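Chain by chain, the residues run as shown.
2 protein chains.
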Amino acid sequence: MKFSITVTLKKDVLDPQGKVVKNTLVNMGMNNLKSIRQGKHFEIEVNETDPIFAEKKVDEMCKKLLVNLIIEDYKINRI
Amino acid sequence: MKFSITVTLKKDVLDPQGKVVKNTLVNMGMNNLKSIRQGKHFEIEVNETDPIFAEKKVDEMCKKLLVNLIIEDYKINRI
Numbered sequence: 058m059k060f061s062i063t064v065t066l067k068k069d070v071l072d073p074q075g076k077v078v079k080n081t082l083v084n085m086g087m088n089n090l091k092s093i094r095q096g097k098h099f100e101i102e103v104n105e106t107d108p109i110f111a112e113k114k115v116d117e118m119c120k121k122l123l124v125n126l127i128i129e130d131y132k133i134n135r136i
Numbered sequence: 058m059k060f061s062i063t064v065t066l067k068k069d070v071l072d073p074q075g076k077v078v079k080n081t082l083v084n085m086g087m088n089n090l091k092s093i094r095q096g097k098h099f100e101i102e103v104n105e106t107d108p109i110f111a112e113k114k115v116d117e118m119c120k121k122l123l124v125n126l127i128i129e130d131y132k133i134n135r136i
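Taken in sequence, the protein lines are chains A and B. By the numbering used here, the letter at position 76 of the first sequence is numbered 133, and the numbering carries on one by one without gaps. By the numbering used here, the letter at position 62 of the second sequence is numbered 119, and the numbering carries on one by one without gaps.
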C-alpha cells in the first residue's frame, strides 16, 4: 500500500530557501512570480492490507520522525 | 493562480537520504515499512489570469531551475 506525504512549512514560518529560489527566478526574468514556498515530499510503501491501519502507521511515522509539528503541516494521500 | 509542484527522483536513481530515513524508521520499530523515497515540493503563486500561459511559465521555471531533469521527474498541479 502506497502513500504520498506532503510536508509544508506553516503559514507564518519564514522560508529562507524558498526566498532564495524566488529571487533567483525573478533575476532570471520571471517577473510574474508572486510567491514560492518549498516543502518536502515522501513516497512511502508499507506492507499492510488494512488501509485504515496502514494510514495510521504512516501518520505515526510522520509524527515521530518525518514532520516537525511545531513549524510544519503535513498531508497524507493514498496513491 | 497557485500551482503545486512535486519533484521526485527517477526510479533507478539511488536515494541515500530516503535510505537513512527508512533505516531510522525500521530501528524505531516500523517493521512493515517497505520503501520510502524523498522528494521536493514547491508551492508557486503567479500573477497570471490565463491558466494555460501560467502553467507554461511554471513549467519553464521547473525546467530552468527547480528540477534536475537528468535524475528527477516532476508533476505540476493547479491548486
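Rather than coming from a laboratory, the hints here were simulated on the basis of the structure. The reader is advised that the hints may include incorrect statements.
Intra- or inter-copy, both count: the list cannot distinguish identical chains.
Derived pair list, reagent style DSBU-like, types lysine-lysine, alpha-carbon separation capped at 30 angstroms [unchecked claim]: (1) Lys113 / Lys76; (2) Lys68 / Lys91; (3) Lys79 / Lys59; (4) Lys91 / Lys76; (5) Lys79 / Lys91.
Just so you know, these numbers come straight off a predicted model, no measurement behind them.
Tested hints:
1. Lys113 / Lys76: between (34 angstroms within a copy, 22 angstroms between copies)
2. Lys68 / Lys91: within (15 angstroms within a copy, 32 angstroms between copies)
3. Lys79 / Lys59: between (32 angstroms within a copy, 15 angstroms between copies)
4. Lys91 / Lys76: This pair counts as within: shortest intra-copy Cα distance 11 angstroms, inter-copy 35 angstroms.
5. Lys79 / Lys91: within (9 angstroms within a copy, 36 angstroms between copies)
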